[in-house]
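Here our numbering is used: the first residue of the sequence shown is 9, the next is one more, and so on.
In case anyone wonders, no lab produced these hints; they're calculated from the structure. Mixed in with the good hints there might be a few duds.
Each computed SDA-like pair below joins lysine to any residue, with the alpha-carbon atoms no more than 25 Å apart [stated by the list, open to error]:
| # | residue 1 | residue 2 |
| --- | --- | --- |
| 1 | 91 | 75 |
| 2 | 252 | 106 |
| 3 | 248 | 76 |
| 4 | 252 | 77 |
| 5 | 91 | 148 |
| 6 | 91 | 106 |
| 7 | 248 | 87 |
| 8 | 252 | 86 |
| 9 | 12 | 227 |
| 10 | 158 | 173 |
| 11 | 248 | 259 |
| 12 | 91 | 253 |
| 13 | 91 | 136 |
| 14 | 91 | 150 |
| 15 | 158 | 195 |
| 16 | 91 | 101 |
| 17 | 252 | 195 |
| 18 | 158 | 136 |
| 19 | 252 | 95 |
| 20 | 12 | 158 |
| 21 | 166 | 150 |
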Amino acid sequence: MTSKVYESAASAVADITSGARLAVGGFGLCGIPDELIQALLDAGVTDLEVFSNNCGVDDYGLGILLSDRRIRRITASYVGENKEFARQYLAGELEVELTPQGTLAERLRAGGTGIPAFYTPAGVGSVVADGGLPWRYAQDGSVAIASPAKETRVFGAKRYVLEEAINADFALVHAVRGDTDGNLVFNRSAMNFNPLCAMAGRIAIAQVEELVAPGDIDPATVHLPGVFISRIVRTGPQEKRIEKRTVRSAQEAN
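Make a model of the complete structure from these sequences and hints.
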């Protein structure tokens with residue numbers, strides 16, 4: 009059997025080409041595949057379509073790809089603390105599909121389990137379902153591309169909207185621990201989107217802080233089985249950054 013282990017982040021992403029569709033794990037700056045993202049930046053790929061909860065910050069995570077104009081379109085649930093994300097969107101330089109956070113999670117899960125679409129109450133009665141949500145602005149501030157209306161249906165006297173699954177060419181995820189078969193363990197809230205993104209990617213690439221032999225991880229503690237992971241690379245301990253730090257002044261503290 010071909011080994012899933014790669015020597016470096018650069019070799020693990022070497023066949024990701026411009027125009028690829030990427031599902032990228034993490035929540036805010038928690039559990040993001042930072043070294044895989046940096047390797048993509050170094051590789052020079054562009055025109056990327058990204059599915060991720062948010063887009064990092066200006067100088068870290070997906071924000072470094074965004075700042076270098078490598079991302080063409082992003083599906084996310086919020087803008088977060090990335091000022092460049094907001095600027096590019098409002099200036100008409102970036103196509104953005106904003107979707108409810110739970111819906112984004114379920115679209116990724118559906119893609120990984122072979123479900124083409126599903127009904128949800130989230131967004132019913134809003135532009136999410138009715139259409140007209142700005143996906144891309146023109147330079148004059150008008151809406152160049154708006155979201156289309158989605159199919160709705162009533163079940164048990166309640167209306168639901170049809171949402172389509174997400175399937176990506178590649179998934180990039182971060183785990184605290186993994187074995188050489190690709191079984192992964194995530195650290196606390198890093199479980200939010202990493203497993204779902206891995207499921208949605210045709211080829212899922214995991215960076216792990218600790219890489220161990222098969223059998224060293226108790227099967228009962230595995231969060232994502234190795235069947236979903238195509239490649240794994242050990243990157244060592246990850247820098248733990250805070251997306252937004254709020255502190256009291258010395259005067260307030262006293």
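Structure-based check of each hint:
1. 91 / 75: Given pair residue 91, residue 75 holds - Cα atoms ~10 Å apart, limit 25 Å.
2. 252 / 106: holds (21 Å)
3. 248 / 76: Holds - the C-alpha atoms of residue 76 and residue 248 are around 23 Å apart, at most 25 Å.
4. 252 / 77: holds (24 Å)
5. 91 / 148: Distance ~20 Å between residue 91 and residue 148 Cα, so the pair holds.
6. 91 / 106: holds (16 Å)
7. 248 / 87: Distance ~20 Å between residue 248 and residue 87 Cα, so the pair holds.
8. 252 / 86: Roughly 14 Å separates the two Cα atoms, so the pair holds.
9. 12 / 227: It holds: about 19 Å lies between the C-alpha atoms, which stays within 25 Å.
10. 158 / 173: holds (13 Å)
11. 248 / 259: Status violated; Cα separation ~28 Å.
12. 91 / 253: At roughly 16 Å apart (the allowed maximum being 25 Å), residue 253 and residue 91 satisfy the hint.
13. 91 / 136: Between residue 91 and residue 136 the Cα gap is close to 23 Å, so the pair holds against 25 Å.
14. 91 / 150: Status holds; Cα separation ~20 Å.
15. 158 / 195: Violated. Residue 158 to residue 195 sits at ~36 Å, over the 25 Å cutoff.
16. 91 / 101: Distance of about 14 Å is within 25 Å: holds.
17. 252 / 195: holds (20 Å)
18. 158 / 136: holds (8 Å)
19. 252 / 95: holds (18 Å)
20. 12 / 158: violated (40 Å)
21. 166 / 150: violated (34 Å)
This entry does not satisfy hints 11, 15, 20 and 21, going by the numbered hints stated previously.
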